[in-house]
Amino acid sequence: MAQQILLKNSDVPGLASFEVYRKLGGYASIEKTLKNFTPDQVTDEVKKSGLKGRGGAGFPAGMKWSFLDKSTSNPRYFICNFDESEPGTFKDRHIGQLNPHQLIEGMILGSYALGARTSYIYIRGELFYVLRIIEKAIAEAYANGFLGKNILGSGYDLDLYCHPGAGAYICGEETALIESLEGKRGNPRIKPPFPAIVGLYDCPTVVNNVETIANLPWIMNNGAEAYAAIGVGNSKGTKLISACGHINKPGIYEIELGLPVEEFIYSDEYCGGIRNGNKLKAVVAGGSSVPILPAELILKTAKGEPRLMSYESLAEGGFETGTMLGSGGFIVMDETTCIVKNLLTFSRFYHHESCGQCSPCREGTGWMERILHRIENGHGTMKDIDLLVSISKHIEGNTICPLGDAAAWPVASAIRHFRQEFEDHVKLQKCPLSK
Amino acid sequence: MSLVKVTIDQIEVEVEAGTTILNAARIIGGGVVPPAMCYYSKLEGSGGKCRTCLVKVAQGSAKDPRPMPKLVPSCRTLVQDGMVVQNITSPEVMEARKAITEFLLINHPLDCPVCDQAGECHLQDLSYDHGLADTQTVEDRRTFAPIDIGDKIKLHMNRCILCYRCVMVADQLTDQRVHGVLGRGDHCEISTHILKAVDNDFSGNMIDVCPVGALTDKTFRFKSRVWFTKPFDAHRECTKCSGKVVLWKKGDEILRVTGRKNKYGELEEFICNDCRFEHKEPNDWQIEGPRKIERHSVIGQNHYEKL
Ligand SMILES: Cc1cc2nc3c(=O)[nH]c(=O)nc-3n(C[C@H](O)[C@H](O)[C@H](O)COP(=O)(O)O)c2cc1C
Ligand code: SF4
Ligand code: SF4
Ligand code: FES
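Line order of the protein sequences matches chains U and F.
First residue of the first sequence? That's 24 in our numbering, and the numbers climb one at a time after it.
First residue of the second sequence? That's 90 in our numbering, and the numbers climb one at a time after it.
Each hint should be verified, as a subset may be incorrect.
[Stated by the list, open to error] Computed cross-link-like contacts, EDC-like style, restricted to lysine to aspartate or glutamate with a CA-CA straight-line distance of at most 20 Å:
1. F:K187 <-> U:E285
2. U:K406 <-> F:E228
3. U:K207 <-> F:D260
4. U:K406 <-> F:D260
5. F:K285 <-> F:E228
6. F:K187 <-> U:D407
If you are wondering where the hints come from, they were derived from the structure by calculation, not from laboratory data.
Please read all numbers here as calculations on a predicted model, not as lab measurements.
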C-alpha cells in the first residue's frame, strides 16, 4: 500500500469535525511548529521537502514562498486556490468536503511561514455545500484556539476566511482570483509584477492550491527528509489523481509519484483497467489543458521506457511525444471515443470560459470551437485542419494568461497524434464513430 | 533618473529607466513603432490586451533571468539596460501581428461603408498594414443591436475590440462609474451597468479614446464622411476643461468637436461634454488655424493647409 498523506483517514466517520480530526493527531503540527520553528525555518522545510504546486504548473512551493517581498511593512496574504474547475479535476473538493481541518491546518502553517495575518480560501461558487463545511471547520478552529488572536499563546494572530467565487474557471488563475477576491471582475492581471510582489490589495501574496497546502501538516510533523524520500527524481511526495472516463473504477486515488502509468490504469488497486475489456485509445493525463497522448505514448515514452506518473516522466519528449502531470485530472478514453468530439467539448469549454481580455484567446477560442463543430458534424474541409493548427499556434504564448495556452494545447496535440481521425471526418463528411 | 540603453530593430536609444518598449520605440519614431490598439498613455492600467504591439525581446538583460527570446506586449514591458528588441525586423513578430489582426476582424462586421469612424479608424489602419486580403471564416459573426450610452453616444458593440479604454475613461475620469464590461469571452459586452445612461461632464471622451467605430458621437452621426470635413484647432474659455479642441468643419458649419489627438491617436487633453456637444456655432470658438493630422490613414492625407 502506498504512503497516504491526504486520503489516509478519509474513511473515518466524522473526520470533518474538529473532535475526530484532533483525536487522529490533527493540529499537532501547529503545536510543534509555532513552538520550535521560526517562519523562515518553515519555508526552509518546505523547500527541502521538494513539494511542488499541485494546481497545475508544478512550481516548487518553497521557492515560490521565498520570492515573497518581505522588504516592506505592508500586510502579506496567503490564499488557498479552491476554484477547482479544470475539466477532469475533482480532487480538491474531496479534501474540502471530507477533511477540511487538514486544509485549515495547512493554511495556518503557510500563513505563519509567510507572515500573513489574514488568509483566504477562495472556493469555486458551485461548491457552496463545501463552503459550508469549511466555514463550520473554521469556526471550530477558532473555538479551539487554532485561529484568531495569539494562537496557542505563541503571539501569532491569524484570521481565516472562506470566500466563494461566482463560478468562473478563469478565477482559478491566480491573478484573476485576486481581482475577484478584491470584488472586481475576474480578469487576469498582466504580469509582471507577480503576486509575490504586488498581489491582493497590492500587497505581497502567495497563492497555493488546496492539495499543496494540505500536504504541509505532514511535512512539518514528519520532516522534509521523510517527504522527500517518497517519489522519484524531482517529483516528491504523493499526488491525488482524479481518474475518470472509460475505466472500471473511476475515483480519487493517492499515488506515490513515480507509479508506472500502466499500473495506475490496469491494476485493481487503482483504475482497474478499461471498461468492458475495451482497448485503451488515449489519455489526457493532467486535466483538460494538457496535451492528449495516444495509448502507446502514455504507457511508454518515445524512447520505449515505461511512462511514470511523475512531473518529469510525463513531460518526457516535450510536447512532441509527451504531456504534463498538470493538476492530476486523469481522463481515460477507450476505442469507442471520437477524439474530434472530445476536443470539441474541451474547446467549447475554453471558449465559454475565456475572460475576453486579450484578442487571441477571446477570438481564437470561439473560432476553434466553430471549426471543430463543423468538422465533427461533417461540414469540415482539409484546410480546416491546418487552420486549426495555425490558430492554436497563434494563440499559444501570445496571451495574458495561460488559459490561451490551455485552449491551444489540446487542439494542437489532438491533431498531432490523431490527424487521421480528423481527415476521416472530412472525407466521410460525418463522424466515423457516429451511428 | 538613470538612463538605460535599448536596441530596437538595430537602432539604439537611451531612455529613462521605467520606460516601456513601446514608448522607447515612439522616441525613435517612424516604422519601428508598434501599433497600439488598447494602450493609452493617459489611462492608468491600459494596454496589454489587444496584443497588436507584441515585439520580440531577443535578449533580456543580466538582471532579468526570465527566458528569452520571447514575444512580449511592448506597451506593458519595461526596457532594461542592454535589451535587444525586434519589431519589424522579426518575421515571427510580423506573423503574430498578422494573426492578431485577423483575430480582431473575425467577429467584426466589416461595415466601414456605413461606419462614422471610417477614415480615422485604427482598425482600418491595422488591417491595411497587416490584414489578409481575404477572410478565412465562414461562420456567422456575433451580433448585438446598437444601443445608446447616454443621450450623446451610440454604441455599436459589433465593432468593439474590447480594448477597455472607454471603461477606463468611465472609471478614471468620471466621478460615478456606470459603465463596464458584462459577460465573458467573445460574448463580452460594453455596457452601462443595468442600462443606466452615462451622464457625466467627461463621458464624451469615450468616443475619442475608442480606436474603432464602436462609440460614436450622436450629434455627428451620418452627417459627413470625416475626410470631407476640415479640422481646425480652436479654443474657448471653459470652466470645466482647457477648452482646446479640434473643430471639424464643412464649409462654415461645425459638424463635430473633438479633443486634440497626437499622431498615435491619443488625446493631448480630455475635453468636457459642454465643449464637445453644446458649442457648434462659429462664434463660440476662437480659431487658431488648420490642424495637421499626422497619420497615414485617410484623414492623414487631407492636407489642405494651403487652402
Ligand atoms: C485558467 C486557469 C485556471 C486555473 N485554475 C486553478 C484552480 O482551479 N486551482 C488551482 O489550484 N490552480 C489553478 N490554476 C493555477 C493557478 O494560477 C496557480 O498557478 C496555482 O493556484 C498555484 O498553486 P500551486 O503552486 O500550489 O499549484 C489555474 C490557472 C489558469 C491559467
Ligand atoms: S488568455 Fe484568455 S482568459 Fe487569459 S486573459 Fe487572455 S482572454 Fe482572458
Ligand atoms: S467601445 Fe471602443 S473604447 Fe470601448 S472597449 Fe470597445 S473598442 Fe474599446
Ligand atoms: S497596445 Fe499593447 S497590448 Fe494593446
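20 Å limit on alpha-carbon distance, applied to hinted pair F:K187 and U:D407: The given pair, whose Cα atoms are some 18 Å apart, holds under the 20 Å limit.
Hinted pair U:K406 and F:E228, Cα distance within 20 Å: 15 Å, holds
F:K187 paired with U:E285 [C-alpha distance capped at 20 Å]: Answer violated: F:K187 to U:E285 is near 44 Å, above 20 Å.
Straight-line alpha-carbon gap U:K406 to F:D260, limit 20 Å: 44 Å, violated
Given hint F:E228 paired with F:K285 - CA-CA distance at most 20 Å: Given pair F:K285, F:E228 is violated - Cα atoms ~33 Å apart, limit 20 Å.
Restraint check for U:K207 with F:D260, where alpha carbons must lie at most 20 Å apart: 13 Å, holds
Violated hints, in rising order: 1, 4 and 5; the structure is consistent with all others.
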